[in-house]
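Colleague: Each chain, written out:
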Amino acid sequence: EAQVTQNPRYLITVTGKKLTVTCSQNMNHEYMSWYRQDPGLGLRQIYYSMNVEVTDKGDVPEGYKVSRKEKRNFPLILESPSPNQTSLYFCASSFGRAYQPQHFGDGTRLSIL
Amino acid sequence: QKEVEQNSGPLSVPEGAIASLNCTYSDRGSQSFFWYRQYSGKSPELIMSIYSNGDKEDGRFTAQLNKASQYVSLLIRDSQPSDSATYLCAVLAYSGAGSYQLTFGKGTKLSVIP
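Protein sequences, first through last, are from chains A and B.
So for the first sequence, the numbering used here puts the first residue at 1; every next one is plus one.
So for the second sequence, the numbering used here puts the first residue at 114; every next one is plus one.
A portion of the hints provided could be inaccurate.
To be verified - Here are the simulated lysine to aspartate or glutamate pairs, EDC-like style, with alpha carbons at most 16 Å apart:
| no. | chain 1 | residue 1 | chain 2 | residue 2 |
| --- | --- | --- | --- | --- |
| 1 | B | K219 | A | D38 |
| 2 | B | K155 | A | D38 |
| 3 | B | K219 | A | D59 |
| 4 | B | K219 | B | E118 |
| 5 | A | K65 | A | E53 |
| 6 | B | K222 | B | D196 |
| 7 | B | K222 | B | E118 |
| 8 | B | K180 | B | E118 |
| 9 | A | K69 | A | D56 |
| 10 | B | K155 | A | D106 |
| 11 | A | K18 | A | E62 |
| 12 | B | K115 | B | D140 |
| 13 | A | K18 | A | E79 |
| 14 | B | K115 | A | D59 |
| 15 | B | K180 | B | E116 |
Source of the hints: derived by calculation from the structure; they are not laboratory data.
Using the sequences plus the hints, can you model the full thing?
Modeller: See the structure below:
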């Protein structure tokens with residue numbers, strides 16, 4: 001079954017404690033991306049990756065890092081989380097057409113206290 | 114700043130009617146246009162994409178694009194209660210230095226009344 005898997009699904013943590021949200025896809029897709037969704041602001045792109053070792057900033061990259069060492073994995077790293085990064089995060093992947101997320105993960109709800 | 118505007122709704126239509134969802138965008142050079150459906154508490158799912166002026170039909174869904182008016186719409190024929198969801202419009206535009214930017218609207222909440 002084609003899947004984008006995010007972990008964890010829910011996380012409550014404290015300011016400044018480094019955390020990583022993992023994202024893995026089993027469809028051999030080149031393009032992967034991260035979004036955050038906030039009430040009243042909609043879905044905003046954080047980072048995207050066109051392929052292994054190729055990443056670029058989206059609309060709201062500040063405070064986030066990503067890496068793409070393998071095609072299937074695209075982790076999102078918050079080195080020093082702050083309360084304004086409390087949000088619902090989605091990872092997505094696509095094949096063929098870049099910049100067009102086709103498959104989304106189930107989301108990670110992150111609360112930074 | 115590229116903007117994508119949608120009426121937040123809620124848009125209520127009776128079952129069996131046509132639901133019309135609208136989206137306008139600010140960047141005249143925008144190239145690709147997408148509609149995503151998001152059920153409450155779920156992730157978005159891609160339902161339609163359109164790249165050139167005119168209509169594109171897929172089952173009960175029709176996407177309409179008018180680049181001159183910077184307007185894209187989604188029509189849902191024979192609306193069903195299962196169509197009740199938030200619909201997100203997304204627009205892809207060149208942002209310079211070989212990069213593109215995909216901008217989402219805030220979404221329109223559709224409620225189909227049985």
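Colleague: Below or equal to 16 Å on CA atoms is what counts here, so check K69 (chain A) against D56 (chain A).
Modeller: holds (14 Å)
Colleague: Do the alpha carbons of K115 (chain B) and D59 (chain A) lie within 16 Å of each other, as the hint requires?
Modeller: The hint holds at about 10 Å.
Colleague: With the threshold set at 16 Å, check whether the alpha-carbon distance from K180 (chain B) to E116 (chain B) stays at or below it.
Modeller: Answer holds: K180 (chain B) to E116 (chain B) is near 15 Å, not above 16 Å.
Colleague: Given the hinted pair K115 (chain B) and D140 (chain B), is their alpha-carbon gap at most 16 Å?
Modeller: Given that 16 Å is the threshold and the Cα spacing comes to 6 Å, the pair holds.
Colleague: Taking only the CA atoms, is the gap from K219 (chain B) to E118 (chain B) under or equal to 16 Å?
Modeller: Status holds; Cα separation ~7 Å.
Colleague: Checking one constraint from the list: CA of K18 (chain A) to CA of E79 (chain A), max 16 Å. Satisfied?
Modeller: Given that 16 Å is the threshold and the Cα spacing comes to 5 Å, the pair holds.
Colleague: Within a Cα-Cα threshold of 16 Å, do K219 (chain B) and D38 (chain A) meet the stated pairing?
Modeller: Given that 16 Å is the threshold and the Cα spacing comes to 10 Å, the pair holds.
Colleague: With a cut-off of 16 Å on the C-alpha distance, tell me whether K155 (chain B) and D106 (chain A) pass.
Modeller: holds (7 Å)
Colleague: Does the structure keep K222 (chain B) and E118 (chain B) at a Cα separation of 16 Å or less?
Modeller: holds (13 Å)
Colleague: Holds or violated: are the alpha carbons of K18 (chain A) and E62 (chain A) at most 16 Å from each other?
Modeller: holds (15 Å)
Colleague: Within a Cα-Cα threshold of 16 Å, do K180 (chain B) and E118 (chain B) meet the stated pairing?
Modeller: holds (15 Å)
Colleague: Between K155 (chain B) and D38 (chain A), is the straight-line Cα distance small enough, at 16 Å or below?
Modeller: holds (14 Å)
The structure meets every hint from the earlier list without exception.
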